Amino acid sequence: MSKITLAHGSGGTLTQELIESVFFKHLGNKFLSKNDDSAILPGEAANIAFTTDSFVIKPLFFPGGDIGKLSICGTVNDLAVNGATPKYLSCGFILEEGLDIEDLRKIVESMASWAKIAGVDIVCGDTKVVEKNSVDSIFINTSGIGVLRDGINLSVDNISVGDKIIVTGNLGDHGIAVLSKRKGFEFESESISDCAPLNHMLKVLTDNIKEVKFMRDATRGGVATTLNEIVKHKDFGIMIEEERVPVLDSVRSACELLGLDPLYIANEGKALVIIDKEYEAKALEILRSNEYGSNAASIGEITQDNQDMVCLKTPLGATRVLGMLSADPIPRIC
Amino acid sequence: MLKFIDEYRDKGLCADIVEKIKAISKKRLKIMEVCGGHTMAIHKNGIHKLIGDNIKLISGPGCPVCVTSVEDIDMVLALSRIEGLVICTFGDLFNVPGTGSLTLDKQRAEGADIRIVYSVRDVITLAKEEREKKFVFISIGFETTAPTAAAAIIQADQDGLDNFYILSLNKTMPRALKAILEDSRTDIDGLICPGHVSTIAGTDMYNFIVDKLRIPCCVTGFEPSDILTSIYILTELAEKNQAKLVNAYKRAVKAQGNEKALSIMEKVFKPSDVQWRGLGNIPDSGLALKDEYSRFDVLNTFKIDRPTSISEKDCICGDILRGAKVPSDCKLFRNICTPSNPRGACMVSSEGSCAAAHRYGD
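In the order they appear, the protein sequences are chains V and A.
Per our numbering: the first sequence = residues 1 to 334.
Per our numbering: the second sequence = residues 335 to 696.
FYI, nobody ran anything at the bench for these hints, they're computed from the structure.
Just so you know, these numbers come straight off a predicted model, no measurement behind them.
The C-beta atom is built at its ideal place from N, Cα and C for all residues, glycine as well.
Please note that the accuracy of each hint is not assured.
Straight-line Cα separation of at most 20 Å, DMTMM-like style, residue types lysine to aspartate or glutamate; simulated pairs [claimed, not checked]:
(1) Lys-468(A) to Asp-496(A)
(2) Lys-345(A) to Glu-242(V)
(3) Lys-183(V) to Glu-464(A)
(4) Lys-132(V) to Asp-150(V)
(5) Lys-313(V) to Asp-344(A)
Some, not all, of what chain V presents toward chain A, calculated at C-beta under 7 Å [unchecked claim]:
(6) Thr-13
(7) Val-22
(8) Lys-87
(9) Val-130
(10) Ser-143
(11) Thr-314
(12) Pro-315
(13) Leu-316
(14) Ala-318
(15) Arg-320
(16) Gly-323
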């Protein structure tokens, strides 16, 4: 791999290879190499979670959100799935010469409003402007700090055979909503991005159920890729039942037409929750009572068989492998 | 739209057909499908795992990307190195390796202007919007996509576009089927005929398979119940030693095909000899532009030195396309050849048999 190609940004196999062979190789340490959505760092009074994310989405405004909302929710969710309460965010802007200031204002207003809803403060920032064609309109980076709540112990090491896998709602909404507005792809779709801050909902969940074992937000590469990351090098397998995966008809239709699989499409407001089976019903009840979790569903479980693999039971009753995303079906959606 | 799909995915209906297949299946049968869409649907739904041990499904040369020769891929790569010429292609071709594992993806990272389009019409739009550049559409596909390429050329001709070209890598199905099925190494008991190709080309082209080669044929669609129905029909015919052509896709396919699409194709293209990956040169199985439209042929305007092409040494894509071998017979499969580092065409195309076998863990 002598040059970066778009596939290196897909969140799939090549992204993992790049992270491992370049970033972890040179920068790896006990915090970074855990490869979680945010790092848990030792603090004086409480442990803190720290994360960073960059946003390069095209188009900047899409049904259900914009790059500003995404830059807040994405970072907030990375902290929230690790059981932290998001507190402070930084923001860095790289602006292209010629960007409409009114667009920038709309984006920043959106950031302010969603930061307020998520309950975080944006406490530092930076702006750079580069020559036309050096970037595409606007790129945003946000970093976030959260405080780990007492008694929280979320780790992939907690997962054991029999645990249930829950998704907090319909899959694929974000990717399809963005794609439907992409130049060259424009198609009529009712899809609206699910971009949302999940921190309040996930706090209620973990406050009420200590037996939540692991959470992750299923962004690039979709639920299938996230599940493959979880199962990698483990002595357990995962079995998903296709019929139980919640997908809106509008998203299914678009996927049928475009030859995409909703399980590989990005979400920006959906978490995967792995939980002891005793607490499955209670978790679903809590999630479904929240506006961002009303379609939460249990889609599968951790199995003794098929170690190191994610499998899917088709509606006809056959079983097949649900592999990792290998090339990006839709670039630049986050 | 889903209403029209879901009724063909009905679990109870599919389970009934599976039981009917198992009830009549006595002989060991090899049934070949020759459409990438069928291959993917079979693996996605796990159909091959449901129908019992007697019936083996094998994948023939139905994926247009898979049958594109290394020489043709190298030609596309050579075109991508021409300054001012924009390559427009379907996404499937983006990662297909040519000689030395070079791909369009890698060429783009080197600075080549390569655009992924969903339709040849998008290329016409681009050519009108960016008059200072020249655009070439890499026209790939069987009878299903060739009419749209032909329609675009007629439109470009009417609009007087002078910056739009195509590279015709189009192929037609009948001659290829003949080449495979008449090959002594091929041994099959039934043929699931390609659904999309048949909507355009009709079903008469399969008559020789039934009449001369005595192989039962069934044209079908892409939903689980469609495919299971065709397996049932072919099993029943094979068990009774009957060779018949059955159209089980009447909601889309007419015996005479789509006459309008065929006439547009005929207006613009003429048959040509063409190289198929794994099958070699098959006379009159390609489509070249007729003389009156030859100014749209990219190779008439841009001269390229064809590089010497080298195929991957251990790749057995050719045998797989002929149905003689399966992906797991290949020593590159899964170890060296993977979807993110494909060595052969059957792995790189999302509809290739190796990609299907890899993706769905078979």
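Evaluation of the provided hints:
A hinted pair counts as satisfied when its Cα atoms are at most 20 Å apart, and Lys-468(A) with Asp-496(A) qualifies at roughly 8 Å. A distance of roughly 12 Å separates the Cα atoms of Lys-345(A) and Glu-242(V); the hinted pair therefore holds under the 20 Å criterion. Distance hint between Lys-183(V) and Glu-464(A) is fulfilled; the C-alpha atoms sit about 15 Å from each other, no more than 20 Å. The suggested pairing of Lys-132(V) with Asp-150(V) is violated, with an alpha-carbon distance near 48 Å, which exceeds 20 Å.
Proposed proximity of Lys-313(V) and Asp-344(A) is supported: the alpha carbons are some 15 Å apart, at most 20 Å. Given hint, Thr-13(V) at the interface with chain A, holds; its Cβ is 4 Å from that chain's nearest Cβ, closer than 7 Å. Hint status for Val-22(V) relative to chain A: violated, with the closest Cβ pair at about 15 Å, above 7 Å. The closest approach between the C-beta of Lys-87(V) and any C-beta of chain A is roughly 38 Å, which is over the 7 Å cut-off, so the hint fails.
Taking 7 Å as the C-beta cut-off, the interface hint given for Val-130(V) is violated, the closest approach to chain A being about 19 Å. Annotation: interface hint on Ser-143(V) violated; nearest CB of chain A at approximately 28 Å, more than 7 Å. Against a cut-off of 7 Å between C-beta atoms, the interface hint on Thr-314(V) holds, since the closest Cβ of chain A lies about 5 Å away. The restraint placing Pro-315(V) at the interface with chain A holds, with a minimum CB-CB distance near 5 Å, inside the 7 Å limit.
A least Cβ separation of about 5 Å between Leu-316(V) and chain A falls short of the 7 Å threshold, and the interface hint therefore holds. Residue-level restraint check for Ala-318(V) holds (minimum Cβ-Cβ distance to chain A is 2 Å; threshold 7 Å). Interface restraint check for Arg-320(V): the shortest CB-CB distance to chain A comes to about 4 Å, inside 7 Å, so the restraint holds. The restraint placing Gly-323(V) at the interface with chain A holds, with a minimum CB-CB distance near 5 Å, inside the 7 Å limit.
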